[in-house]
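**Q** Sequence:
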Amino acid sequence: MDNSLVPVALAAAVAVILYFWHKPCHSVPLPPGPKGHWLLGNAREVGKADYFWRKLAEYSDRYGPIISVRFPHRTIFVSSDPNIILQLFEKRAANYSDKNELEMMKLTGWDTDILFLQYGRTLKLYRTMLNRALNNRVATDYIPMQQHEVQRLMLRLIDRPTEFMSHIRLLASAIAVRLAYGYKVDSYQDEFVQTAEKHMQGFSDLMKWWKWMVNMFPALKYGPNWPSIIPFRRKAQEVIQVMEAHREKPFAYVKSQMRVAATLYAAGSDTTVSAVQSFFLAMTLYPDVQAKAKSEVISYLEKRSTTNGSRDIILPVDRPHLPYTSALIQEVLRWHPIIPVVTHRSSHEDDNHVVSGDKTYRIPARTVVFANVWQILHDPEVYEHPDRFMPERFLVPNPPPDPETYTFGFGRRSCPGIHIAQQSMWISISNILANFTITKAKDEKGAEITPEELYVNDPVR
Numbered sequence: 001m002d003n004s005l006v007p008v009a010l011a012a013a014v015a016v017i018l019y020f021w022h023k024p025c026h027s028v029p030l031p032p033g034p035k036g037h038w039l040l041g042n043a044r045e046v047g048k049a050d051y052f053w054r055k056l057a058e059y060s061d062r063y064g065p066i067i068s069v070r071f072p073h074r075t076i077f078v079s080s081d082p083n084i085i086l087q088l089f090e091k092r093a094a095n096y097s098d099k100n101e102l103e104m105m106k107l108t109g110w111d112t113d114i115l116f117l118q119y120g121r122t123l124k125l126y127r128t129m130l131n132r133a134l135n136n137r138v139a140t141d142y143i144p145m146q147q148h149e150v151q152r153l154m155l156r157l158i159d160r161p162t163e164f165m166s167h168i169r170l171l172a173s174a175i176a177v178r179l180a181y182g183y184k185v186d187s188y189q190d191e192f193v194q195t196a197e198k199h200m201q202g203f204s205d206l207m208k209w210w211k212w213m214v215n216m217f218p219a220l221k222y223g224p225n226w227p228s229i230i231p232f233r234r235k236a237q238e239v240i241q242v243m244e245a246h247r248e249k250p251f252a253y254v255k256s257q258m259r260v261a262a263t264l265y266a267a268g269s270d271t272t273v274s275a276v277q278s279f280f281l282a283m284t285l286y287p288d289v290q291a292k293a294k295s296e297v298i299s300y301l302e303k304r305s306t307t308n309g310s311r312d313i314i315l316p317v318d319r320p321h322l323p324y325t326s327a328l329i330q331e332v333l334r335w336h337p338i339i340p341v342v343t344h345r346s347s348h349e350d351d352n353h354v355v356s357g358d359k360t361y362r363i364p365a366r367t368v369v370f371a372n373v374w375q376i377l378h379d380p381e382v383y384e385h386p387d388r389f390m391p392e393r394f395l396v397p398n399p400p401p402d403p404e405t406y407t408f409g410f411g412r413r414s415c416p417g418i419h420i421a422q423q424s425m426w427i428s429i430s431n432i433l434a435n436f437t438i439t440k441a442k443d444e445k446g447a448e449i450t451p452e453e454l455y456v457n458d459p460v461r
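The numbers in my numbering rise by one with no breaks, and the one at position 127 of the sequence shown is 127.
Derived by calculation from the structure, the hints in this document are not laboratory data. There may be inaccurate statements among the hints.
Unchecked claim - Pairwise CB distance ranges (calculated):
id: 1; residue 1: 288; residue 2: 441; range: 17 to 25 Å
id: 2; residue 1: 72; residue 2: 298; range: 52 to 60 Å
id: 3; residue 1: 40; residue 2: 288; range: 44 to 52 Å
id: 4; residue 1: 358; residue 2: 400; range: 21 to 29 Å
Claimed, not checked - Quick list of in silico lysine-lysine cross-link-like pairs, DSS-like style, CA-CA up to 27 Å:
id: 5; residue 1: 106; residue 2: 48
id: 6; residue 1: 48; residue 2: 198
id: 7; residue 1: 35; residue 2: 99
id: 8; residue 1: 35; residue 2: 55
id: 9; residue 1: 198; residue 2: 106
id: 10; residue 1: 292; residue 2: 440
Quick caveat, the model's predicted, so the values are computed rather than measured. For each residue, glycine too, the CB sits at the ideal point set by N, CA and C.
Please model the complete structure; the sequences and the hints are all you need to start from.
**A** Written out as structure tokens, the structure is:
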């Protein structure tokens, strides 16, 4: 053999050996999915959809319970099968407890927030702090404060019923700010609340990951910093200013645990607002459901007043005695889930054992996995007539899964404030039913206006 060919032959042999050495790892296929544009993948379809979770649900209906969806910078994986999701996020939590890294979050400093920290020592410390303050035993200590804020809500509803949306936001803000900082809010125009609301508006905008080109093409972050002409630079500058105000103003009031306290507002206010606003919409569209729940609550209050005294407010301790009202709240969480898509990220190892039926798929390391909670809770095989608001579905002998199984996150990234949120939803919704009747608005001619089921296309609705 020509000596000059020896290196070539050796290189070829090494290449063949390496190919067969690594082939078993990569012989496991990725989940199927839509082909999409050669460069942009499925970004345009998802970005133009009225609700991105519905577009992902369309893909899942076509390709299966776990799918691949391509974007310019990465492929994401979406599952609508609760068994797969629990398999990954609960049983293999060690490999699926990181969070999606978005360039816009890094540019604005949001990546250091507890919501986006990668799983590790700092996140564990923050979650330990939150769990100490929000666990189910401690949560009951906050009931008097929540009761007080709900009573203030009802007074505002009596005074200005047409402004109920603002009243709901003030309720959630007041509870969250008081919980986080011990500060009592008297007006929605309060400086703390307004700063926090701007903070959350910026967060919501950033979470539309398909909106910002730098998320699709990360190299853009190395380009010129011209906020006046580059949208993502301008937005990043605005968000940084608001974040500094949100963190520093409360810091002047209480000088410890600043970052964790700021997160309490983000987690606490939006969940309550979303659930209670969905409740108002459901009661407007389904007056028969409202009548049943109202009758149950009033009958219970009347019976209790004759036996146990005069307490006329519903509290969490009363929930076992109000099954229909309890089912109504479950249905609120199912009908329009607070967070329609939950995001996790795989860590440092490929997962070659993702089982779906009789097939096995691979999820590469450091890739994003979506749980389409909206699709899970609208599966017609599990929740009959999923688009209808039907609390009765949870009152049968073998009811479908409780929506709270999915709506508050999974595994090591589950919401630590779930008990506070449950209490706020229960106290507010049950007492609104006891004291008000929600009806359709009327136009100038006296005709009823039927509201549409329209929500913002945001990660938290």
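**Q** Hint says 17 to 25 Å; check whether the CB-CB distance for residue 288 and residue 441 agrees.
**A** holds, 19 Å
**Q** Has the hinted range 52 to 60 Å been met by the Cβ atoms of residue 72 and residue 298?
**A** Because 57 Å falls inside the window, the suggested range holds.
**Q** Between residue 48 and residue 198, does the CA-CA distance stay at or below 27 Å?
**A** holds, 25 Å
**Q** Given the proposed pairing of residue 198 with residue 106, does the C-alpha separation stay at or below 27 Å?
**A** Holds, at roughly 19 Å.
**Q** Can the suggested window of 21 to 29 Å be confirmed for the beta-carbon pair residue 358 and residue 400?
**A** This hint holds: roughly 25 Å between Cβ atoms.
**Q** Given the hinted pair residue 35 and residue 99, is their alpha-carbon gap at most 27 Å?
**A** The given pair, whose Cα atoms are some 26 Å apart, holds under the 27 Å limit.
**Q** For the pair supplied as a hint, residue 292 and residue 440, confirm whether the alpha-carbon distance does not exceed 27 Å.
**A** holds, 18 Å
**Q** Given the proposed pairing of residue 106 with residue 48, does the C-alpha separation stay at or below 27 Å?
**A** holds, 25 Å
**Q** Just tell me: holds or violated, for the beta carbon distance of residue 40 and residue 288 against 44 to 52 Å?
**A** With Cβ atoms ~47 Å apart, the hint holds.
**Q** Residue 35 and residue 55: Cα distance at most 27 Å?
**A** holds, 14 Å
Checked against the numbered hints above, the structure violates none of them.
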